[in-house]
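One-letter residues, chain by chain:
2 protein chains.
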Amino acid sequence: MTDIEFKQKLENYQTRINECLSTILGKPLEKSESATEAAYYSLECGGKRIRPLLVLEFAYICGVPEEKVWDYLPIACTTELIHTYSLIHDDLPCMDNDDFRRGKLSCHKQYGEDIALLAGDALNTKAFEIISNEAINNVVSFETACRLINILSSAAGFKGMVGGQVIDLQSEGRQIDIDTLTLLQSGKTGAMITAACLMGCAIAGEYNSRIYADAAHYSALLGRTFQIVDDILDVTGDFESLGKPIGSDAQQGKSTFVSLLGLEGAKEQAENLTNQSLAMLENFKNNEFIKMLTQKLLNRSY
Amino acid sequence: MTDIEFKQKLENYQTRINECLSTILGKPLEKSESATEAAYYSLECGGKRIRPLLVLEFAYICGVPEEKVWDYLPIACTTELIHTYSLIHDDLPCMDNDDFRRGKLSCHKQYGEDIALLAGDALNTKAFEIISNEAINNVVSFETACRLINILSSAAGFKGMVGGQVIDLQSEGRQIDIDTLTLLQSGKTGAMITAACLMGCAIAGEYNSRIYADAAHYSALLGRTFQIVDDILDVTGDFESLGKPIGSDAQQGKSTFVSLLGLEGAKEQAENLTNQSLAMLENFKNNEFIKMLTQKLLNRSY
Chain A
758 MTDIEFKQKL
768 ENYQTRINEC
778 LSTILGKPLE
788 KSESATEAAY
798 YSLECGGKRI
808 RPLLVLEFAY
818 ICGVPEEKVW
828 DYLPIACTTE
838 LIHTYSLIHD
848 DLPCMDNDDF
858 RRGKLSCHKQ
868 YGEDIALLAG
878 DALNTKAFEI
888 ISNEAINNVV
898 SFETACRLIN
908 ILSSAAGFKG
918 MVGGQVIDLQ
928 SEGRQIDIDT
938 LTLLQSGKTG
948 AMITAACLMG
958 CAIAGEYNSR
968 IYADAAHYSA
978 LLGRTFQIVD
988 DILDVTGDFE
998 SLGKPIGSDA
1008 QQGKSTFVSL
1018 LGLEGAKEQA
1028 ENLTNQSLAM
1038 LENFKNNEFI
1048 KMLTQKLLNR
1058 SY
Chain B
758 MTDIEFKQKL
768 ENYQTRINEC
778 LSTILGKPLE
788 KSESATEAAY
798 YSLECGGKRI
808 RPLLVLEFAY
818 ICGVPEEKVW
828 DYLPIACTTE
838 LIHTYSLIHD
848 DLPCMDNDDF
858 RRGKLSCHKQ
868 YGEDIALLAG
878 DALNTKAFEI
888 ISNEAINNVV
898 SFETACRLIN
908 ILSSAAGFKG
918 MVGGQVIDLQ
928 SEGRQIDIDT
938 LTLLQSGKTG
948 AMITAACLMG
958 CAIAGEYNSR
968 IYADAAHYSA
978 LLGRTFQIVD
988 DILDVTGDFE
998 SLGKPIGSDA
1008 QQGKSTFVSL
1018 LGLEGAKEQA
1028 ENLTNQSLAM
1038 LENFKNNEFI
1048 KMLTQKLLNR
1058 SY
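Protein chains in written order, with our numbering: chain A, 758 to 1059; chain B, 758 to 1059.
Don't read these hints as lab results, they were simulated from the structure.
Everything numeric in this text was worked out from a predicted model, so none of it was measured.
Every residue gets a Cβ at the ideal spot worked out from N, C-alpha and C, and that includes glycine.
Where hints are given, some of them may not hold.
What the hints assert, rightly or not - A short, non-exhaustive set of chain A residues, derived as facing chain B with CB atoms under 7 Å:
hint, residue
1, A792
2, T793
3, C851
4, M852
5, D855
6, E870
7, D878
8, K883
9, G914
10, V919
11, V923
12, L926
13, G930
14, Q932
From just these sequences and the hints, can you work out the full model?
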């Protein structure tokens, strides 16, 4: 796969994911439109769309034919709904109190805290409504839908994303060790990245199989790399590329992989993890794109 | 059914629902326990448990044998998880800013706003994890689980409970008419009461059938009665029975069924709706308990 072919496939994914997200909530009800508006506002703030992309790509590398993958766009986008709800709530004054997200005003600065809270709540719920709908409409079997809902909900909940956020809150203003930081991030960021890969497997009918375990292993490595690179970019990046202020972790006294390992140590670990990820991908067919993506995520600047 | 038999059945429901709720989230993870603790705190604040009770009772009156009903306790309790998350978020300073709930400190006063927010988020997600688990563990079919998840998620989301809360926010500090108040309450309170009844039907294998439509009709009448009685109790009740301050609606300048219809007008309407509800229940077998419950909900003092 050439660089140009990679870029085309990536952009095609992102374009179709963005198209799907722009109508996924349906039309707002006349009298209760502001929460839907606020949710669309945050959904359309951009981002790399890495989670829905991983769902679709894992469906593909687990055996779903290339042209059939698009049937699963709404299901793939449920990961972005959950991710977006978590960002909206994370930006609230009682959490990180961030006024900006991806270069735009955060949801509560634009719509008020109450509407932002409710928009996040309804996005969370909507993810599960969509997957159950796709089963009722025969896009996936009822069994597959239940597997998908189980993967997504357990990744997002008390023992996944929310669990990681709680450890994050408990770690505020004090030094934590590398094990705690790894546990924190495996919940906060890693759980949803793993969920995306496993949802792709489940769509392809792979469940609790050898290839499912390989996907879980790969996604754990990818999730860790992803977060380490985030921490590196918080030191070496710029506002324009990232759409958020630089150095905010250090300013808030947060322990990061950079503060614990040093910049060079963090870079080295990200490279090691990427090499392990690439090795794991050798177990999958049609792996050219996902391998290039894994490599590019290591070297991203945004 | 005698009054004593009614009371025994009601207490049995509530006891078993409370037992189920007290372990439903599993054990907290060591390092991320505070959100789980906060969620249990709010789940264990009591309440009438009317939603899970309706799930179980509708399963029963739609044909599930009495002793088999208890298999569906965890599924029934998911309605209480969603209800509890909505109460936790509703009490937050950016929403109703209530310091008390059922006579105890509200979740954010006890655990902080950040943990309360996350506990609510994870309770929302957990509901869907539980239902999908019950399918994976063969308690219900995958199809039934998808129907249940679809009913619950659409009732809780943008066009249901959250939609009603948005209209509520938009109505703050101004007079609204009876149609808007009815629309607001049919979302905010009604949607989840309807969901509970319909989930009971779905467990019994009734879906989009005549009896399903009857349950939908009954539940809409019950939901409206329930809210009117709530509004009446906000004027005529006392702190001890209700566990919250009296007169808070009037104090906040909220339009209620009492402010719009007058106390006598509201009482009359609640009675009319109850009579219609009772007539609708004639279409169900084994309806002695649900009829007495419907009557008692009209005359409740808490």
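Hints and how they fare:
With a cut of 7 Å, the hint placing A:A792 at the interface with chain B holds, because the nearest CB-to-CB distance is about 5 Å. The beta carbon of A:T793 is positioned within 7 Å of a beta carbon in chain B (closest approach about 5 Å), and the interface hint is therefore held. The beta carbon of A:C851 is positioned within 7 Å of a beta carbon in chain B (closest approach about 4 Å), and the interface hint is therefore held. Interface hint at A:M852: satisfied, since its Cβ lies 5 Å from the closest Cβ of chain B, which is below the 7 Å cut-off.
A hinted interface residue such as A:D855 counts as satisfied when its beta carbon comes closer than 7 Å to some beta carbon of chain B; here the least separation is about 14 Å, so the hint is violated. This hint holds: A:E870 has a C-beta 4 Å from the nearest C-beta of chain B, less than the 7 Å allowed. Restraint check, A:D878 versus chain B: the minimum CB separation of about 6 Å is within 7 Å; hint holds. About 5 Å separates the beta-carbon of A:K883 from the nearest beta-carbon of chain B, less than 7 Å, and the hint is met.
Of the supplied interface hints, the one on A:G914 holds, with its beta-carbon coming within about 4 Å of a beta-carbon of chain B, less than 7 Å. A hinted interface residue such as A:V919 counts as satisfied when its beta carbon comes closer than 7 Å to some beta carbon of chain B; here the least separation is about 4 Å, so the hint holds. Taken as an interface hint, A:V923 checks out: its beta carbon lies about 4 Å from the nearest beta carbon of chain B, inside 7 Å. At about 5 Å, the closest approach between the beta carbon of A:L926 and any beta carbon in chain B falls short of 7 Å, and the interface hint on this residue holds.
Given hint, A:G930 at the interface with chain B, is violated; its Cβ is 13 Å from that chain's nearest Cβ, farther than 7 Å. Hint status for A:Q932: violated, given a least beta-carbon distance of 15 Å to chain B, over 7 Å.
Going through the hint list in order, the structure does not satisfy hints 5, 13, 14.
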